[in-house]
Every structure is written in structure tokens, then in C-alpha cells.
Amino acid sequence: MDILYKVLIDPFAQMVAAPDLLVQTLWEGLVGGMLYALIALGFVLIFKASGVFNFAQGIMVVFAALTLVGLHTAGLPAFAALALTIVVMFALAWSIERIVLRPLINQPDIILFMATFGLTYFLIGFGELIFGGDPKIMITEELYLPKGRINIPAFGGIVSLQKLDIAAAIIASAMVACLSVFFSKTRIGRALRAVADSHKAALSVGISLEQIWVIVWFAAGLVALVTGIMWGARSDVSFALDVIALKALPVLILGGFTSIPGAIVGGLIVGVGEKIAEFYWGPLIGGGTDSWFAFVIALVFLLFWPHGLFGEKIIERI
Amino acid sequence: MRAPSQSDIAAGEVLLAVENVSLSFGGVHAIRDVSFDIRKGEIRAIIGPNGAGKTSMLNVINGFYTPQRGKITFRGQTRSKMRPHDAAAGGIARTFQNVALFRGMSALDNIMAGRTLRMKRGLFWQMLRFGPAMKEEVEHRLRAEEIIDFLHIEHIRKVQVGRLPYGLQKRVELARALAMEPDLLLLDEPMAGMNLEEKEDMSRFILDVNQHFGTTIALIEHDMGVVMDLSDRVVVLDYGRKIADGTPEDVKQDQAVIDAYLGVAH
Chain A
1 MDILYKVLID PFAQMVAAPD LLVQTLWEGL VGGMLYALIA LGFVLIFKAS
51 GVFNFAQGIM VVFAALTLVG LHTAGLPAFA ALALTIVVMF ALAWSIERIV
101 LRPLINQPDI ILFMATFGLT YFLIGFGELI FGGDPKIMIT EELYLPKGRI
151 NIPAFGGIVS LQKLDIAAAI IASAMVACLS VFFSKTRIGR ALRAVADSHK
201 AALSVGISLE QIWVIVWFAA GLVALVTGIM WGARSDVSFA LDVIALKALP
251 VLILGGFTSI PGAIVGGLIV GVGEKIAEFY WGPLIGGGTD SWFAFVIALV
301 FLLFWPHGLF GEKIIERI
Chain B
1001 MRAPSQSDIA AGEVLLAVEN VSLSFGGVHA IRDVSFDIRK GEIRAIIGPN
1051 GAGKTSMLNV INGFYTPQRG KITFRGQTRS KMRPHDAAAG GIARTFQNVA
1101 LFRGMSALDN IMAGRTLRMK RGLFWQMLRF GPAMKEEVEH RLRAEEIIDF
1151 LHIEHIRKVQ VGRLPYGLQK RVELARALAM EPDLLLLDEP MAGMNLEEKE
1201 DMSRFILDVN QHFGTTIALI EHDMGVVMDL SDRVVVLDYG RKIADGTPED
1251 VKQDQAVIDA YLGVAH
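Here the protein sequences come in this chain order: A and B. Take the first sequence: its letter number 255 is residue 255 in my numbering, and every next letter is one higher. Take the second sequence: its letter number 256 is residue 1256 in my numbering, and every next letter is one higher.
Quick caveat, the hints were computed from the structure, so don't treat them as lab data. Wrong hints could be hidden among the right ones.
Capping the alpha-carbon separation at 25 Å, the derived lysine-lysine pairs in PhoX-like fashion look like this [stated by the list, open to error]:
| hint | chain 1 | residue 1 | chain 2 | residue 2 |
| --- | --- | --- | --- | --- |
| 1 | B | Lys1081 | B | Lys1040 |
| 2 | B | Lys1071 | B | Lys1040 |
| 3 | B | Lys1135 | B | Lys1158 |
| 4 | A | Lys200 | A | Lys185 |
| 5 | B | Lys1040 | B | Lys1252 |
| 6 | A | Lys200 | B | Lys1135 |
| 7 | B | Lys1071 | B | Lys1081 |
| 8 | A | Lys147 | A | Lys136 |
| 9 | B | Lys1252 | B | Lys1199 |
| 10 | A | Lys163 | A | Lys147 |
| 11 | B | Lys1071 | A | Lys200 |
| 12 | A | Lys200 | B | Lys1158 |
| 13 | A | Lys136 | A | Lys163 |
| 14 | A | Lys185 | B | Lys1158 |
| 15 | A | Lys185 | B | Lys1135 |
Every value quoted in this text rests on a predicted model; they were computed, and no experiment measured them.
For reference, chain A alone in the conformation it holds in the complex (with noise of 0.2 Å):
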């Protein structure tokens, strides 16, 4: 009876007892959450647009933020290395679309999904080439990121809420609603979802694959990049943060691989489901929940909405 009044009714009634923890433990839970999305955002863009699973989209992040405080480091401005960087971002999708998607066009999805996976040990490779191994600090100051904390005195206590945070919030936001309005409004957008659905019929319409896949992963490259800086200012830069990414896999299978806002609300669930599991439930079993709760929400979900929360509902007639 002891484990059950603690598992099921003792969190319930600190979260009662002390509402100003339990706002904390959301925010944090959607902060962390947001970076999720971002990620998962980065997954979703190039699914949507060549069907391709793209395993090296956490090593872009790295590869982005890394470049950038390289960049920094030899003695450019933090603005200069900045658009620098979104240059170097489009270079590398140029080249992916060269070396590796344009001679696989029209191979299955799967030899697609491998080649990826080649890109991720090849920017590791060549970034610690470059950059070196060791962690690195993100460059937040130079570019007027704010720091600091708002101390908000509500729910009988105090809720602190980093600078930081609040302006990755509303530049994540601003990010999203012009890729949603891109990818919904224009040709194209159009033609994005056309080449994912079949690439000969794209191509039969004029719509040029190469041109699509070079503008999706830079896309994805942009979003990397404020990923890397936003994950970079919360701990440091370096490959450690390839595994993280890895969360956004449950976050994909929560909103749905083809969906912006589904990875979006995907994003701050997990976030969100696994903070409070750290923080009320954790200590029951001595913590360390989260790094496999996101899983388990991902199972839970998979059982009742196979094809995520905004997923599309494929149809196959047979």
C-alpha cells in the first residue's frame, strides 16, 4: 500500500502542496522540450521533402554551433561569423545534394536513409578535424543573447525564469511560423511535398529535385544552426550533444514524421512529461529517468496513435 500511496497519490499532492515548483518544473520541462522540437524540427523538414530519415541531423547541429564559435575564436566579429556560418550551412547543402543525394535519385528510401548515416561519421570526422575534440564555449554574450533571470514572485513562492530561455522561446517561434507559412503558402512549398511524394512525377512536372533538396537542407542547416546556439549557451558545445538529438526520435514518433506543428507539441510533451517524471516520480527509483523516459512516452503514444499526434494518415489500397 506504501508504493502505491507513492506512486500515485504523494506527487499529486506536492504538486498541490507546492504550485510554484510545479510551474518551475514546466517551464523547464517546455524549455528543454522546445530544444527537442527544434531538433525534431530539423528531422521533419528533410522527411517532408525526400522521405529521407536523416540521421545526421544532430551532428548538423553540432557541426553549426561549432563553426560558429570557430569561427568566432579566429578572430572574426560574432555577427561576421554568424552570417558566415549560414554560408558555410548552405555550402554544406549544396555539397549533400551533390556528393551524396543527386547520385542516389530514385534508389529506395533505405540506401538514402544509410548514406546519411556515412554524412554523420564524415562531419564528426572532419569537425574534429577542424575544430578539435574538446567542448567549447558558445559565444552568447557577443551576440547580445541576454543573460540572467527574471525572479517572479507567484504561486505563493518563486518562479525564476532564465533571459535566455524567454528569448529562445520567441526566436524559436518566430522560426517556425515562417516555415510553416513557407512550406504551406508557396509553390515551393508545393513542390516540396510533391518531390516527397514521387520523385519521377515531380520531376515529370518541371519541379528540379535538385534545387528542392538544396533548399530543404539548408533549412534544416538554419534550424540546426539556432539549435546549436541556443543548446550551446545552456551547457557547451561539443559532439556530446550528437547523442541528445537522438530524443527527438520519440518526439517524431509522438507528432508525426511529416508534421511542423507535430513536432513542435511533440517537442514540449517530451520535454515537458520528462521533467515532471524527473522531478515528482525520479526519486522513487533513485532518478535518472531522463534519459529513457521520452521512450517510454513514445511506446505509450505508438500503442494509440500509430501515426503520431498530426502524422499523415497513409492510406495503401491494396
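Chain B: place on chain A using the hints.
Chain B alone, transformed into the frame defined by chain A:
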């Protein structure tokens, strides 16, 4: 029935010509030294038994395959290979043997995708959906609706095409090709797998497209009745070689064709 009379076409200007085209995959010769032309305004059938190289020929014409030898002349411009984008931009549209639609999109979006190359406004304006870009979107939508009316698919406009029955999918695919306002329309077995009624509808649409829009059509078809009814001229392939070329009446009586394709006469 036919828009331009036989004599018009006989004298007509050549829209597309393939000369001495050969295509092989490894050791398999899909097309061997084939030459023929397609004249402006005609309905040109390409027939032949299975594996004769008909679809390969269409793929060469719209640039999916690069022939090892030969020349393709389209609108007076000669090249050794087409590229899919150039073909589409130059006014060649096509449908596929096994329908290739954008399955996740609505019929309307599929048709609008056919107008991709005709949209000119910059991305920025399109995102704002404002001013000239809005006007452009409306114009293209109007053209799409005309084609939808023309093919009688108003009722399925908003339906995701993956859900549609096969016959309607074929029609949406034709609509998408027409949305490109092509000069040359390549149809790869437009009536395959259809019942009699659907075949009759499709034949009617093909003739209407040819007459109303003046679109030149090259089609591959197995139903000989349909071929004889629709086409102005027929080219016959067998094992990658051209064995006959002429009016349906001529071809029907050609001994090589009878032997290879129609079966030996009783």
C-alpha cells in the same frame, strides 16, 4: 472526329523527331536505332508487344533516360539527350503507366503542382500572400478549375488522391499534365486497367484535348480498337526496333506487324 484532317498532318510541321536512337541497359538493348517523328497537332500512337521498348522511348523523350546514341530534335532544337526539367519547361507533359501522383496531396494540389513552372512571383511575396502573388495564385487556380471542369472531376477536388479509385487517379494524372499547358502530351497506357465505360470516357477526353487545346499527343496503348480509333499515325516497335510506321490502316495490313503483334491471320 479528328481536328486536323489527314492531309493537314501529312504536310504538318514536325514538333519532335528522334533519329537513330539506341538505348541499352547493360547488355539489354531496349531501343535499337529507332527514328520517327511526331507532327504538330496529331495523335501519334506507339504500339508493340510487351518489352518492345515503348515506355523506354517515352522516357528518352522526356529525359528520364539518356540514350547511348542518337539525336532528339524538339521544336527545331537538336540534342543528344533531354533533361526532365528542360522537357517540362519546353512543353512536354506526361502520365505514367502505373499512375504516379502525389498521393498525400489533394487532387487540386496535384493539379496546381502541374503549374509550378508557370509561377513566377518570388518566394517572399508568395509567403505574404499579398499583392501580385495573390493575383497570380488566383489566376493559376482559375486555370486549374477550368481543367477540373473539363475532365469532370469537380467532386473530388479536395480529396486526397491516394483514396481515389484507379480510374479517377488516372484522370487526375491527366489533369495534372494538362495543367502544364503542354505542346506535347505523352500518355503511357492511359486506359490500362480500365473498364469499357472508363475507356470510352478517357478516349473522349483524349480527343477533346487534341481538338480543343490543339495539343499534340503521343500515346502508348495496348487496346488495338482504341489505337485504331484515336490515332492519326502509328509507329510499331518490336524488340526495340521499329518495324512499321504509318496510318492505322497501313499498319494493320503490314505483314511484319501482323506477325509480331497482332498474331498471324487465320
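Going through the hints against the structure:
Between Lys1081(B) and Lys1040(B) the alpha-carbon distance is near 21 Å, which keeps this suggested pair within the 25 Å criterion. Restraint check for Lys1071(B) and Lys1040(B): the C-alpha separation of about 19 Å stays at or below 25 Å, so the hint holds. Distance restraint check for Lys1135(B) and Lys1158(B): the Cα-Cα separation of roughly 21 Å lies within the 25 Å cut-off, and the hinted pair is therefore satisfied. Distance hint between Lys200(A) and Lys185(A) is fulfilled; the C-alpha atoms sit about 23 Å from each other, no more than 25 Å.
Of the pairs offered as hints, the one joining Lys1040(B) and Lys1252(B) holds, with about 23 Å between alpha carbons and a cut-off of 25 Å not exceeded. This hinted pair does not check out: Lys200(A) and Lys1135(B) have alpha carbons roughly 30 Å apart, beyond 25 Å. A C-alpha spacing of about 7 Å is found between Lys1071(B) and Lys1081(B), which places the hinted pair at or below 25 Å, so the restraint holds. As the CA atoms of Lys147(A) and Lys136(A) are separated by approximately 18 Å, the hinted pair is consistent with the 25 Å bound.
Using a Cα cut-off of 25 Å, the hinted pair Lys1252(B) and Lys1199(B) holds, with the two alpha carbons roughly 21 Å apart. For the given pair, Lys163(A) sits about 6 Å from Lys147(A) by alpha-carbon distance, which is consistent with the 25 Å threshold. About 23 Å separates the Cα atoms of Lys1071(B) and Lys200(A), which keeps this hinted pair within 25 Å; it holds. Only pairs whose Cα atoms come within 25 Å are accepted, and Lys200(A) paired with Lys1158(B) is accepted, the gap being roughly 23 Å.
Between Lys136(A) and Lys163(A) the alpha-carbon distance is near 22 Å, which keeps this suggested pair within the 25 Å criterion. Proposed proximity of Lys185(A) and Lys1158(B) is supported: the alpha carbons are some 16 Å apart, at most 25 Å. At most 25 Å may separate the alpha-carbon atoms for a hinted pair to count; Lys185(A) and Lys1135(B) meet this at roughly 14 Å.
The structure does not agree with numbered hint 6 stated previously, though it agrees with all others.
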